[in-house]
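Reassemble the complex: the two chains are provided individually, in unrelated frames, and hints are given to aid placement.
Listed in order, the protein sequences are those of chains A and B. No gaps in the numbering here: position 60 of the first sequence is 60 in our numbering, and each next residue is one more. No gaps in the numbering here: position 420 of the second sequence is 420 in our numbering, and each next residue is one more.
A few of these clues could be false.
Calculated cross-link-like contacts (lysine to any residue; reagent style SDA-like; alpha-carbon spacing at most 25 Å) [said to hold, decoys possible]:
1) B:Lys666 / B:Asp571
2) A:Lys120 / B:Lys436
3) A:Lys72 / A:Tyr46
4) B:Lys221 / A:Gly66
5) B:Lys705 / B:Ile589
6) A:Lys115 / B:Lys221
7) A:Lys101 / B:Thr127
8) B:Lys234 / B:Arg204
9) A:Lys65 / B:Arg204
10) A:Lys101 / B:Asp198
11) A:Lys101 / B:Gly214
12) A:Lys108 / B:Leu123
13) B:Lys126 / A:Tyr119
14) A:Lys72 / B:Gln264
15) A:Lys101 / B:Leu123
16) B:Lys273 / A:Asp111
17) A:Lys72 / B:Ile130
18) B:Lys705 / B:Asp571
19) B:Lys221 / A:Lys90
20) B:Lys422 / B:Asp482
21) A:Lys115 / B:Pro243
22) B:Lys66 / B:Leu306
23) B:Lys235 / B:Glu136
24) A:Lys120 / B:Thr266
25) B:Lys221 / B:Thr241
26) B:Lys213 / A:Asp111
27) B:Lys621 / B:Gly656
28) B:Lys386 / B:Lys436
29) A:Lys131 / A:Asp82
30) B:Lys397 / B:Ser339
Simulated from the structure, these hints should not be mistaken for laboratory data. Since this is a predicted model, take the numbers as computed values, not measurements.
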Amino acid sequence: MRFFKKFNIIIIISLSLVVVNMFTFPDENKILIKDVVISNNNNLHYISFNQEISLNYLIREAIDKGIPLVFKVTLKVVEINDIWPTKTIKREVRYYQIRYKALREIYKIVDINGKNYEYKNMDDAIQKILKVEDLEFSFVDKHMDYELWLNVSLERKKLPKPLQVNYFDRTWNMNSEKSIHKLGKLN
Amino acid sequence: MKYIITTVAFIGIALLILLAKAISNSDSELISSDSFRILLGLNIFFICSLIVLIAFQIFRLLQSIKKEITGSRLTLRLVMSFALMGVVPVLIVYLVSVNFLTKSIESWFDVKVESALEGGLTLGQKTIDILMSDIELKGKSIAYSIGNSDPEQRNRLLTDLRAKFGIQDAVIFDQDSIIIEVSSEKSDLIPPIPTIEDLERGGREFFGRIEEKGGEQIFLKTFTPILTKNVMSKKLILQLTQPIPPSIANLALSVESVYDEYQQLTYSRNSLKIIYILTLTLVLLLALLSSVAASFVISKRFSSPLAMIADATRQISKGNYKKIISEQGKDEIGVLIRSFNSMTSQLEEATRNSEKDRERLEVARTFLETILAHLTTGVIVLDDKKIIRLNNISASKMLKNKATSMSNKPMTEIISNNLLFKPLYKFVESYIDSNKKNKKEVSQEFKLNKDKEKERTIMLQVTPLNDNKGKSYVLVIDDVSDVTQAQRHSAWGEIARRLAHEIKNPLTPIQLSAERIQHKFKNKLSEEDSEILERSTNTIVNQVNALKIMVNEFAEYARPLKTRKDAVRIDKLIDEVIDLYEIDKIIQIKKDKIIQIIYADQNKLRQVIINLLENSQDALKEIKEQRIKIFIKNKANEVELIIEDNGIGIPDEIIGRIFEPYVTSKETGTGLGLAIVHKIIEEHEGKINIERIKNSGTRVTINLKSGKK
Numbered sequence: 001m002r003f004f005k006k007f008n009i010i011i012i013i014s015l016s017l018v019v020v021n022m023f024t025f026p027d028e029n030k031i032l033i034k035d036v037v038i039s040n041n042n043n044l045h046y047i048s049f050n051q052e053i054s055l056n057y058l059i060r061e062a063i064d065k066g067i068p069l070v071f072k073v074t075l076k077v078v079e080i081n082d083i084w085p086t087k088t089i090k091r092e093v094r095y096y097q098i099r100y101k102a103l104r105e106i107y108k109i110v111d112i113n114g115k116n117y118e119y120k121n122m123d124d125a126i127q128k129i130l131k132v133e134d135l136e137f138s139f140v141d142k143h144m145d146y147e148l149w150l151n152v153s154l155e156r157k158k159l160p161k162p163l164q165v166n167y168f169d170r171t172w173n174m175n176s177e178k179s180i181h182k183l184g185k186l187n
Numbered sequence: 001m002k003y004i005i006t007t008v009a010f011i012g013i014a015l016l017i018l019l020a021k022a023i024s025n026s027d028s029e030l031i032s033s034d035s036f037r038i039l040l041g042l043n044i045f046f047i048c049s050l051i052v053l054i055a056f057q058i059f060r061l062l063q064s065i066k067k068e069i070t071g072s073r074l075t076l077r078l079v080m081s082f083a084l085m086g087v088v089p090v091l092i093v094y095l096v097s098v099n100f101l102t103k104s105i106e107s108w109f110d111v112k113v114e115s116a117l118e119g120g121l122t123l124g125q126k127t128i129d130i131l132m133s134d135i136e137l138k139g140k141s142i143a144y145s146i147g148n149s150d151p152e153q154r155n156r157l158l159t160d161l162r163a164k165f166g167i168q169d170a171v172i173f174d175q176d177s178i179i180i181e182v183s184s185e186k187s188d189l190i191p192p193i194p195t196i197e198d199l200e201r202g203g204r205e206f207f208g209r210i211e212e213k214g215g216e217q218i219f220l221k222t223f224t225p226i227l228t229k230n231v232m233s234k235k236l237i238l239q240l241t242q243p244i245p246p247s248i249a250n251l252a253l254s255v256e257s258v259y260d261e262y263q264q265l266t267y268s269r270n271s272l273k274i275i276y277i278l279t280l281t282l283v284l285l286l287a288l289l290s291s292v293a294a295s296f297v298i299s300k301r302f303s304s305p306l307a308m309i310a311d312a313t314r315q316i317s318k319g320n321y322k323k324i325i326s327e328q329g330k331d332e333i334g335v336l337i338r339s340f341n342s343m344t345s346q347l348e349e350a351t352r353n354s355e356k357d358r359e360r361l362e363v364a365r366t367f368l369e370t371i372l373a374h375l376t377t378g379v380i381v382l383d384d385k386k387i388i389r390l391n392n393i394s395a396s397k398m399l400k401n402k403a404t405s406m407s408n409k410p411m412t413e414i415i416s417n418n419l420l421f422k423p424l425y426k427f428v429e430s431y432i433d434s435n436k437k438n439k440k441e442v443s444q445e446f447k448l449n450k451d452k453e454k455e456r457t458i459m460l461q462v463t464p465l466n467d468n469k470g471k472s473y474v475l476v477i478d479d480v481s482d483v484t485q486a487q488r489h490s491a492w493g494e495i496a497r498r499l500a501h502e503i504k505n506p507l508t509p510i511q512l513s514a515e516r517i518q519h520k521f522k523n524k525l526s527e528e529d530s531e532i533l534e535r536s537t538n539t540i541v542n543q544v545n546a547l548k549i550m551v552n553e554f555a556e557y558a559r560p561l562k563t564r565k566d567a568v569r570i571d572k573l574i575d576e577v578i579d580l581y582e583i584d585k586i587i588q589i590k591k592d593k594i595i596q597i598i599y600a601d602q603n604k605l606r607q608v609i610i611n612l613l614e615n616s617q618d619a620l621k622e623i624k625e626q627r628i629k630i631f632i633k634n635k636a637n638e639v640e641l642i643i644e645d646n647g648i649g650i651p652d653e654i655i656g657r658i659f660e661p662y663v664t665s666k667e668t669g670t671g672l673g674l675a676i677v678h679k680i681i682e683e684h685e686g687k688i689n690i691e692r693i694k695n696s697g698t699r700v701t702i703n704l705k706s707g708k709k
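Next up, chain B with everything else stripped away, as it sits in the complex (with noise of 0.2 Å):
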């Protein structure tokens, strides 16, 4: 586009120039008024070329605004600049032309002037006159001559009187155009022959007339009747042909010519004001047309490299950094592009770092919450305002929260969600709130009952953290409820190992000695006495048989980690215990039909069954319709046995510690078997639960791994 404009801009000027040419009044052959006619019109068609172009572009440069496109609305501005700085300076200097012009051509045509040309031209005409007078008198005088002469003698006579009166030429003719006398400076002169119209007119009366001959000499020429003595004679006419003397014969056309161009001047000036105001309207539109086309090549020679910054910063904003910028020339702009792309290239450096440390700082994040998401430790980082800013899966799945993240949310709600955990916040809240300078690590455990469920035993750390944003908190949450319960049952091991070992080993020497008291007394003494002995010794023995019952359920309880794994399919198992007992009248069996085979202790694992029936048995003691439900399912690599009961069920306030030695419901119990079976399934890397059902009655859970030796 900008070399269209360019090139119409010169083909304008060129034309102009012509157009200027054209006016002028000097007589070029090259530029003729044909030719003016084309080049006005072709001067036209360029102009309106140019409002086409110049429309074309602003239609151009709105569209691209409506578009938004980078620099289109400082192109503008640049353009409407440029516009204006020359526009308004060329309309000036257009209407001081147009009135100076206007004024000019009128200066021409001055009163003065006028009328000097015109007394000049009647100088001239005066001059003739009186040359005219000059001759008519010498013409009358010669006819006068003649006409009172003898006809011989009137060649004579005629040339006497032309020489003497310094005329150049005279012609005597009668009425029929007959030359009859001719005298002439020149010899040759061979004398044209007057129209009839001036021989008639001229054998009348005297006349004459100025005439021309090519334009440089004017001569007179007069027609005298000769009036002789025989009227009966053809009447005779005398021509004289004289020059007017060429020094008046120059000045006089000199003003002549002068005085017809000047008349034509006055009256073409209107013309010539229209054609120099025409021509200089031309100049001005092709010169603001020009300006106004320029400024558009100016205006996005200026903005194309500040919209291409404005573009390479938009594409910088979206994280491209490889926007380089062409450079351009050795300007500021040019220093200017040089230095964004110093800067971008800096920019990109530090981005690429940036990277790298983000990626590095991803993979540490990424490897912290993969470690905090399989700690089954809870951790929460808590701000000094108690909203927490960070938290794994198992903190969530402590404090009961459905969403896996609790980030962003006071600690308090949550809190409020699970209300057991309300010590822990006490406690923490007590913590961040005091206004301790330098707050050390602090931990605390916290044994949390619920009605109905287990007694957990929570650990809690706090370590304070002082980072950029302000303090934080880091808090730990630990479920020490296993280790717990697995070193109760550790100490209850050692205390019943050491019970059995103790107690065991004097209960036989007693009942022997028991039995023998009364072997060798019972004859010796009276019938009352040896009854007595006999109670005696028989309760003796009793209590010892009962010492020894727990002695070994003791022993059994602490006996070492020692299991045989043989393969047990667990429901041919509950049938033969089912047998053994013959209570199968209130059992119900659902098992799929094939049982997976689980590798285990099979004594073991009927002494859980038996352990586990018997215990149904005596809560359906007192209960009408005996009802007991065993289901065995398969899941995944495990296989499931629920044992049902509607019996009377376990109180509330020992259902949480119901696997702990001597935790029974029972009067007669020791305590001892439910901690035994969780023993056992503990040893089989099973999981049991015990539970309550809702109306009444008891359901037991036990997964047991299966195919695993």
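Chain A with its partners taken away, still in its complex shape (with noise of 0.2 Å):
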């Protein structure tokens, strides 16, 4: 215990903060969202945006290698007031990915409304991924404005375990910046 009293908890916080601070390299923002349009119907708001993911020889390579690139997509409907801290009224989290299957040779691509396509040149596939037509969210409040928080990311919990544990290597911290809009009042 004399250790602790002669060096006290500000070193050991100040040590582990040095550590935290190793494992938490800030994410590149490799995505970018842009065109975001949102609509609704039937009680449901319907998202189409497009995208810029920046891939480099690195992650084009592992696709060509089989490995599935899944991206993750949050959404987050929030309400904004000046005095309280920031309310998460819902979270949604969809996915959607590309893979090379070497078997039949095409990239298959698993969009964010769970529909399967496949092409037979990478630069094709990139191109569906990069477009996200008609996400569905269902959120009915039609007293208050919210506002919707958009982020895409690299869920790198998919890759593998190589390459997710491998935190030195920061080719896959592709993250986007947050995309905010009004959600308009159902109809």
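Structure (structure tokens):
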């Protein structure tokens, strides 16, 4: 205990912060969300948007090697209040992915609505995933205006384990900035 | 601290095990990549904690060394040794492991394996291609037959041909996606509507594709245009669906799966290496730091008993023999501690005994010193190099040394300050330097006389001592002047008594006879003879009177000790004597206001004063400015009387023997006056001293005890 008296808790905390900081690399904004369109129909919101994803040669090589790239789309409806902290009303996560099938030599796309697409050419497949269309999102609250926070990131947990745990390789830290939109009242 | 180190080390090891499990590719739900991240962080945190702990320990150790705490240097050496013992093998193992690991991972990606997998995959693709070509031919054949048949016969023909070619499903669509005919092995088939793109393309040309179902089955799906005789009719498209035989499909999928895994592994091998090396490095660091941290604990465990012993030894060297070390274990260190404690106990016992002996010795020494200090006899202990090893106060006083102690000083140095004792030193020197083997005790009397000083009779006794340090000599120096003088006085007293007795008796008959002769024959003789007779008889009578006086003085000197003790005020007595002699003009008296009473024989004291004043008067006969000073002072328990004159003084050659009978500087004196004075003062237990005053004159100092009867 004498040790803790001499080296007080501040040193311990500082040490912890240094260690934590070592493992919390900031994600690079390699995904750009643009042209977001939100429409309502039959108590549903339909969200469409385009993306720009910078896939360098390493990622392209990874796709060709059969490594599936799973992108996570996080939708968050939040209530903004000037006084109180932001309150999350609803949170939904969707995925879309691209994967090369060596046997058939095709690039298989599973889009955000779960539909499968197959392409012989990688660029065609990538073009497909860049466009997210008619993402269904049910949210019924006619009383207030809310904000929709949209974020796209590469789901690192779906990568092979060596790539998951290699925190020093920042190639796989792909994320978009938070895209914020006013969520209109449902008709 | 040792508990902290042990706990941290155990936690670190547990974390490492979990970390190792996490990096294995098993699909453990317990440990996910997030858990791995946390575990990695915790491991690094614990490693940092260990580094801080070790740094703290090193800091403390260096502080201990700076403060010169016993055992700290030994701990440092042990820590360094243990750390080196741990670091070197672990580093070797680490380097070998890293090398082995890198090579092992590289060996997984053999070119042959990759070629084999690619070959397997290509084989699967070719097989499917062959099956596809087979279906293409069958499809074209069925399409041709259907195209050339009547519409009423199409269904039967389709079923026959499908069965004949062993096709699972055959469906005819028109260009508007309307099912025209269906034939299937399954009676309840509801065929899925193909996409418009597929139908458009199928209307133009043959095409086929491979489809998967549930990741286990592979289907071949072909679209073939049916060319009918009626050009105006709608375009028909034949869709065939044929599953690939499960044996081939499973093999193909299996090859694809392995190929994918291999490719993924190839791609992520660098990451794999990094993770394994990182884990190995963490293991290394944890092992190293744990061993270094443990080395502190072990080193302290080893060094602390030794430090305790060293500390106890220091305590013992300072005289604390009660220091006992708590016993530890039954190993060699435990035995050492027990032996040390036993030694300490024995030492304490021995010291206690020694202390008692020392105390006894000290008492004896103090006793001896007290005796020596109170001895009037001087005692000196010399070594064979004539260096004084011990002396008493009397010896210092006798040799007129200012310091009480003359220890470690050569005898020559002491003697050089008082050359009077040179004969004694020469005697001692010749005795010590003599080569006699068995020296015996010797003694010799020395009469030492220095100008203006009283002759001193010194008795020297030299006794050889044999002790461990070599030869020593004890010199006993005794001033026997007083004894000699007392013996002389006694002898003189006896002579005087006999003379008085033998001479006094015939004097009266002689005087009477002389007076009778003068009386009887004065008138019978002639005037001339009568005058001779008268002169002769007068001479006889005068001489007899003179003899009587002398005999009386002798009698007085020889008189036995018989003194009365009256209360006497000495100042009054002096006043009486001065009145009697009428010499007050030349006398100055200085006295304290009240003079203490002394108990003495008043007549004898009067005689003392008379004798001294007569001596002063005699000394002043030829002096123009005659002066006698009398001082009477009270001192502690005594009265001091000083009589000073500015007369001719006492010659140097006799001043040392002035109190002896017949020693006088006067032509007519008997030499008994001062002897009687000295005797009377001694009878009254007083002290008398005569000294010459520097320029001229004599000072007599008498001290008499007061208030004592």
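Which hints from the list above does the structure break, by number from lowest to highest? Of the numbered hints given earlier, those the structure breaks are 1, 2, 9, 16, 17, 19, 29 and 30, listed in rising order.
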